[in-house]
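2 protein chains.
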Amino acid sequence: MNTSEIVLLAHGSGGSQSHELVERIFIRHLGQPSPALEDAAVIPLTERQVVFTTDSYVVQPLFFPGGDIGRLAVCGTVNDLAMRGAQPIGLSAAFIIEEGFALAEIERIVLSMRAALQEAGTSVVTGDTKVVERGSADGVFITTAGVGIASPKTHIGATLAQPGDAVLVSGAIGDHGLTVMTQRQGLRFESPLQSDSAPLNGLVAAMLAEEPDIHVLRDPTRGGLATTLNEIAAASKVGIDIEEATVPVHAAVQAASEILGLDPYYVANEGKLIAIVPKVAADSVLRVMRAHPLGAEAGIIGQVTTEHPGRVVLRTILGTHRILDMLVGEQLPRIC
Amino acid sequence: MNTSEIVLLAHGSGGSQSHELVERIFIRHLGQPSPALEDAAVIPLTERQVVFTTDSYVVQPLFFPGGDIGRLAVCGTVNDLAMRGAQPIGLSAAFIIEEGFALAEIERIVLSMRAALQEAGTSVVTGDTKVVERGSADGVFITTAGVGIASPKTHIGATLAQPGDAVLVSGAIGDHGLTVMTQRQGLRFESPLQSDSAPLNGLVAAMLAEEPDIHVLRDPTRGGLATTLNEIAAASKVGIDIEEATVPVHAAVQAASEILGLDPYYVANEGKLIAIVPKVAADSVLRVMRAHPLGAEAGIIGQVTTEHPGRVVLRTILGTHRILDMLVGEQLPRIC
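As given, the protein sequences belong to chains A and B, one line each in that order. First residue of the first sequence? That's 735 in the numbering used here, and the numbers climb one at a time after it. First residue of the second sequence? That's 735 in the numbering used here, and the numbers climb one at a time after it.
What the hints contain is simulated information worked out from the structure, not anything from laboratory work. Cβ atoms here follow ideal geometry from the backbone N, Cα and C, with glycine treated the same way. Please note that the accuracy of each hint is not assured.
[What the hints assert, rightly or not] Some chain A residues near chain B, calculated using beta-carbon distances under 7 Å:
| no. | residue |
| --- | --- |
| 1 | ALA744 |
| 2 | SER750 |
| 3 | LYS864 |
| 4 | VAL881 |
[Unchecked claim] Simulated restraints on C-beta separations:
| no. | chain 1 | residue 1 | chain 2 | residue 2 | range |
| --- | --- | --- | --- | --- | --- |
| 5 | B | ASP947 | A | LYS887 | 54 to 64 Å |
| 6 | A | GLY869 | B | GLU754 | 26 to 36 Å |
| 7 | B | ASP947 | A | ARG1024 | 49 to 59 Å |
| 8 | A | ARG758 | B | VAL1014 | 35 to 45 Å |
| 9 | B | GLN919 | A | GLU1031 | 58 to 68 Å |
| 10 | B | ALA939 | A | GLN988 | 57 to 67 Å |
| 11 | A | GLY869 | B | ALA1025 | 46 to 56 Å |
| 12 | B | GLU977 | A | GLN852 | 25 to 35 Å |
[As the list claims (entries may be wrong)] Just so you have them, the derived chain A footprint on chain B, three or more residues with Cβ under 8 Å:
| no. | region |
| --- | --- |
| 13 | 785-793 |
| 14 | 825-831 |
| 15 | 868-882 |
| 16 | 1056-1062 |
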């Protein structure tokens, strides 16, 4: 490959090649930050609550069915904002790139980011690029941060689950994690698996328009549904009962998880949310979720209880009960 | 080393070891985000302008005289906000850590971040940790983002330099870059070199209190003073004349740069700023800068001109003129 087509250390120098890279790929696809050539973005503001989040993305492989590291980096940060009831007003994107990485791959990633940004209705307003020597990183790592705005009336948080509340999930679980793992193992299945990576801010806006008093919203990423429910149970000092028969799992995910020995309940999702809402609002919120393309497979999967505080209990299809613990150890490194 | 003392892939899992790492080191030293266990921070807000920035830090070595990667990651982002006239209201910190990295080193880095945050009067309000396999990263990379607030009256930007304006620098140049390079080469000099890494938001607040109409503020990091001045000249479509005799350079930096064949004008600074101000305000701004501990060696080093637009011209100590170009290629990889 011609050296003009790969990332060189000079692309991280801050000098002329850095400018070339920024102009040739980042500004070309993500638009010109306004004003240009500043390290920080100024965002005009109303009187709302500001929400701020960050995540690093180190997924391997970088490209997989249904997404890639760029799509994940946008959706993950948009979703972290959405889980606090906020709509994004701007994202940052910081790239750490291994020397020798193909510029065409960077461009492919950035184009995917642009598509995801359009779906979410937001943009990258500030960024950074560093290049490290061959062997000092693994292709590319992307860290996004996001600033969002929420209504001052919105009070959503992991500590706010109340006994009696209904637990909803926006769709089938395990797709992202199983897709990445099967790619990494070089496995192929009859039913093509596909990552669910998607920006959930539109779905959340529709849900909040229907029911402003949503208690908890969380996206079950690393650690999966089981770990996220455990975090909520611990933070709210409540128990959570889940009905296995009501938890949607695609057949291809079930098949792949059996072959790989992975439990879909502990596998990362990148386009799903858990909502905990007052019981009286459960049916209307569910209806709104199902009317949205990203919530078509939504369901009510359980309820919050005063029993076994801090624990999540699964009633299995066989009618037995088992404790769904938090993930221990590393099941799936570099899943996002 | 005991495996309980090093970073394992499980520390990036999102499960119980991730929680342990966050609680044992991050929350312990940086404080509890409020509310806990959320991926995004809500920041109560006034009616001011919001400023938003990000940078990744990949410096090698991780520790050096006068600083370390953690101090850089805080100061760099605080300074990017300050260069837009903003005071920080919260930072994010995202860590990408190589499996096997010592937790004690992470802790040392986080403690250094805490000290820098205290100097800047701000805090880390949200964060993330990913762990990659041995050989997939080089120790630790840190990406910080920052949200700041500026007065709606503040208009500072690289496009706003006006012919006739004075060009000021807040102190001697080249200390950070030469310090890191001599450490990397294993060199030692008689006069100990030390990075200038420092948060400049206090200095900027004092300058803006004296003169609200500052036109340009920039911190000359990667690419150094010469590259930053070129960026300003290009963005403002003006020429800049610099008087070599007035540019402060420490003797140890001069000596090290001669031995290493590096030009201090192209070397990164991490605690210095360039200010471009109306000529009538130059003396009063300089007085305020010199009264601040981080501006004791400040000086007026040149002026903005209508001649040679887009170019920076240095009048040397010998009285000759030479064009100070933008950095081409990579002089100093992984300097920040």
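Evaluated hints:
no.: 1; hint: ALA744; result: holds, 4 Å
no.: 2; hint: SER750; result: holds, 5 Å
no.: 3; hint: LYS864; result: holds, 5 Å
no.: 4; hint: VAL881; result: holds, 5 Å
no.: 5; hint: ASP947(B) <-> LYS887(A): 54 to 64 Å; result: violated, 39 Å
no.: 6; hint: GLY869(A) <-> GLU754(B): 26 to 36 Å; result: holds, 30 Å
no.: 7; hint: ASP947(B) <-> ARG1024(A): 49 to 59 Å; result: holds, 57 Å
no.: 8; hint: ARG758(A) <-> VAL1014(B): 35 to 45 Å; result: holds, 41 Å
no.: 9; hint: GLN919(B) <-> GLU1031(A): 58 to 68 Å; result: holds, 59 Å
no.: 10; hint: ALA939(B) <-> GLN988(A): 57 to 67 Å; result: holds, 59 Å
no.: 11; hint: GLY869(A) <-> ALA1025(B): 46 to 56 Å; result: holds, 48 Å
no.: 12; hint: GLU977(B) <-> GLN852(A): 25 to 35 Å; result: violated, 49 Å
no.: 13; hint: 785-793; result: holds (count 8)
no.: 14; hint: 825-831; result: holds (count 5)
no.: 15; hint: 868-882; result: holds (count 10)
no.: 16; hint: 1056-1062; result: holds (count 3)
Checked against the numbered hints listed earlier, the structure breaks hints 5 and 12; every other hint is satisfied.
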